[in-house]
Amino acid sequence: MNMEQQHIKLPQGAIEKQTNTLNLGPTHPATHGVFQNILEMDGERVVNTESTVGYIHRAFEKIAERRPYYQITPLTDRLNYCSAPINNMGWHLTVEKLLGIQTPKRVDYLRVIIMELARITDHLICNGVVGVDTGAFTGFLYLMKYRELVYEIYEEVCGSRLTTNIGRIGGFERNFTPAAFQKIEKFLAEYPKALKEFETLMTRNRIFVERTTGVGPISAERAMSYGFTGPNLRAAGVDYDVRVAHPYSSYEDFDFTIPVGTTGDCYDRFLVRNAEMWESLSIIRQAMDKLKDLPEEVYHAEVPAYYLPEKQDVYTKMEALIYHFKIIMGESDILPGELYNAVEGANGELGFYLISDGGRSPYRLHFRRPCFIYYQAYPELVKGAMLSDAIICLSSLNLIAGELDA
Amino acid sequence: MSLTNDYIKQRLVEKFGEALTSFEESFDVLTFTAPAALNLKVMQFLYDDEELQFRFLTDLTAVHYPHLPDAELAVVYHLYNFREKVRLRMKIFVPVAAPQVFTATKLFESANWMERETYDFFGVDFVGHPNLKRILNVDEMTYFPMRKEFPLEDQSRIDKDDEMFGR
Chain S
1 MNMEQQHIKL PQGAIEKQTN TLNLGPTHPA THGVFQNILE MDGERVVNTE
51 STVGYIHRAF EKIAERRPYY QITPLTDRLN YCSAPINNMG WHLTVEKLLG
101 IQTPKRVDYL RVIIMELARI TDHLICNGVV GVDTGAFTGF LYLMKYRELV
151 YEIYEEVCGS RLTTNIGRIG GFERNFTPAA FQKIEKFLAE YPKALKEFET
201 LMTRNRIFVE RTTGVGPISA ERAMSYGFTG PNLRAAGVDY DVRVAHPYSS
251 YEDFDFTIPV GTTGDCYDRF LVRNAEMWES LSIIRQAMDK LKDLPEEVYH
301 AEVPAYYLPE KQDVYTKMEA LIYHFKIIMG ESDILPGELY NAVEGANGEL
351 GFYLISDGGR SPYRLHFRRP CFIYYQAYPE LVKGAMLSDA IICLSSLNLI
401 AGELDA
Chain R
1 MSLTNDYIKQ RLVEKFGEAL TSFEESFDVL TFTAPAALNL KVMQFLYDDE
51 ELQFRFLTDL TAVHYPHLPD AELAVVYHLY NFREKVRLRM KIFVPVAAPQ
101 VFTATKLFES ANWMERETYD FFGVDFVGHP NLKRILNVDE MTYFPMRKEF
151 PLEDQSRIDK DDEMFGR
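Protein chains in written order, with our numbering: chain S, 1 to 406; chain R, 1 to 167.
Everything labelled a hint here was simulated from the structure, so no lab data went into it.
Fair warning: there could be bad hints in the mix.
[Stated by the list, open to error] Derived CB-CB ranges, DEER-like: (1) 151/R <-> 163/S: 22 to 30 Å; (2) 140/R <-> 203/S: 20 to 28 Å; (3) 66/R <-> 155/S: 39 to 47 Å; (4) 85/R <-> 21/S: 42 to 50 Å.
[Said to hold, decoys possible] In silico lysine-lysine, DSS-like type, Cα no more than 30 Å apart, as pairs: (5) 383/S <-> 106/R; (6) 85/R <-> 105/S; (7) 62/S <-> 133/R; (8) 62/S <-> 148/R; (9) 91/R <-> 97/S; (10) 9/R <-> 91/R; (11) 85/R <-> 15/R; (12) 290/S <-> 85/R; (13) 97/S <-> 85/R; (14) 9/R <-> 97/S; (15) 383/S <-> 133/R; (16) 62/S <-> 91/R; (17) 97/S <-> 148/R; (18) 15/R <-> 326/S.
Every residue gets a Cβ at the ideal spot worked out from N, C-alpha and C, and that includes glycine.
Make a model of the complete structure from these sequences and hints.
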């Protein structure tokens with residue numbers, strides 16, 4: 001080898017910085033759902049991100065324009081399928097608001113119990129998965145066991161587990177059984193211990209703290225501009241919670257705090273979700289106590305025109321038969337009107353923009369899906385971060401593909 | 001201090017006069033219609049004003065009214081005031097033949113995807129949008145499926161013999 005070969009003289013600008021393109025998804029275990037992120041990488045740093053969504057778009061808004069109101073509930077199940085009952089209740093509350101139905105207190109409290117259980121299941125998966133993506137699989141397993149207990153409660157109340165179709169317009173399809181209350185009590189007794197254990201494992205764990213602090217931060221102003229709601233917005237320091245700002249289903253009767261963070265990074269989002277689980281447990285406990293003073297046989301509002309009668313009555317009573325026929329055929333009288341109603345979903349403000357022209361189906365129904373709106377901040381959150389941080393950021397935002405695409 | 005719908009209406013009428021029409025309250029939310037040319041000016045005013053402070057775009061979508069001549073598409077904005085916890089609904093009606101509306105992306109980052117979704121399903125052309133392309137549907141699609149001229153299949157039709165799906 002001679003000297004000339006060793007000292008190669010390159011012209012100016014011959015070595016250019018090159019970036020790699022990395023396809024994350026559409027079905028990649030780290031994306032927790034069917035969507036694609038095209039990452040432009042400089043070494044291990046993310047330079048730019050482009051997200052492609054829509055792989056499981058099912059045209060729910062279009063389908064809803066042909067369906068009678070009670071048949072739209074199963075569509076809402078499939079938005080955020082980790083907390084389907086909240087979506088169901090949100091839809092019932094929207095229709096009840098349109099029709100002017102007042103539900104009895106007991107129905108409200110039962111709904112609160114179911115919604116808070118759903119919030120716990122959603123947050124425990126999200127927080128567990130943040131742990132998994134930082135390399136701590138154990139915490140996830142600790143919590144996952146207790147999701148099963150909640151699913152057993154759903155099973156006892158409505159018969160199904162994941163896509164629940166729980167409740168009806170006006171109340172519940174049947175009363176809670178004693179077994180359901182026992183299962184709720186069992187969950188309330190056992191879950192705090194597991195959650196405590198999970199927190200001991202994660203919250204002050206040095207590896208976890210260092211992996212998540214300062215990853216994917218967002219300021220309160222930017223978060224609001226990006227339309228963040230729910231735990232992600234609260235982690236950035238804005239105390240906006242639909243349950244408090246616009247109480248529904250008698251949330252004003254309960255005593256709870258809204259946990260807020262400061263920096264809006266993955267660690268704050270984790271802490272906010274954990275704190276919310278404790279609040280949810282406290283709300284369920286309060287609701288269980290309040291139920292003791294209320295008549296046990298009430299589980300729906302007295303609105304025979306919209307709520308299915310007892311099957312026995314259908315065979316023996318004329319009125320019940322007529323209403324049964326009208327409801328099943330979707331011929332109930334619906335008032336024309338236009339409203340936007342929101343509930344605090346597990347991911348944020350889940351809104352229903354409903355326009356009724358008095359027909360059997362909505363004239364237009366639009367779902368405000370929190371995931372879809374805040375996911376567009378992802379490129380900003382991960383810009384300049386490492387690839388592994390981008391993954392944690394993705395999981396701590398709690399993206400649910402069903403909610404992304406509707 | 002609380003922000004009432006009457007006061008919001010009064011401020012808007014003071015500022016824009018006759019341009020804003022059909023003020024109404026449905027389920028406690030003030031609703032009004034603005035001309036397409038004014039949508040950004042109205043939103044900027046609502047954003048900047050010290051008392052109104054509508055600084056959060058909750059929702060943006062469209063509705064198709066085929067029976068309204070020259071105003072077939074309604075773009076609906078839901079604005080929110082965090083401090084007073086007040087919602088506001090603004091509608092822009094545009095003809096389906098020329099569905100041009102100014103983009104709100106300069107004011108709200110969140111408008112980006114919501115406008116893309118609205119374009120995708122209704123064909124509303126948001127003028128000035130940085131990346132106006134389809135988001136949930138495939139790029140090759142040539143029509144706007146949420147418009148009312150595309151009904152879902154009639155389930156009682158008999159001309160289709162599809163044994164696979166048992167129709």
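Status of the hints after comparison with the structure:
1. 151/R <-> 163/S: 22 to 30 Å: holds (26 Å)
2. 140/R <-> 203/S: 20 to 28 Å: Violated, since residue 140/R and residue 203/S (Cβ atoms, about 49 Å apart) do not stay within the stated range.
3. 66/R <-> 155/S: 39 to 47 Å: For residue 155/S against residue 66/R, whose Cβ atoms are near 45 Å apart, the range 39 to 47 Å holds.
4. 85/R <-> 21/S: 42 to 50 Å: Once the Cβ atoms are compared, 44 Å apart, the range 42 to 50 Å for residue 21/S and residue 85/R holds.
5. 383/S <-> 106/R: holds (21 Å)
6. 85/R <-> 105/S: holds (25 Å)
7. 62/S <-> 133/R: Cα-Cα ~20 Å, so holds.
8. 62/S <-> 148/R: holds (9 Å)
9. 91/R <-> 97/S: holds (22 Å)
10. 9/R <-> 91/R: OK: residue 9/R and residue 91/R at ~14 Å, within 30 Å.
11. 85/R <-> 15/R: holds (22 Å)
12. 290/S <-> 85/R: Since the Cα atoms of residue 290/S and residue 85/R sit roughly 28 Å apart, the hinted pair holds (cutoff 30 Å).
13. 97/S <-> 85/R: holds (19 Å)
14. 9/R <-> 97/S: holds (24 Å)
15. 383/S <-> 133/R: Distance ~23 Å between residue 383/S and residue 133/R Cα, so the pair holds.
16. 62/S <-> 91/R: Holds - the C-alpha atoms of residue 91/R and residue 62/S are around 21 Å apart, at most 30 Å.
17. 97/S <-> 148/R: holds (26 Å)
18. 15/R <-> 326/S: Outside the cut-off at roughly 49 Å; violated.
When the structure is compared with the earlier hints, violations turn up for hints 2 and 18 and for no others.
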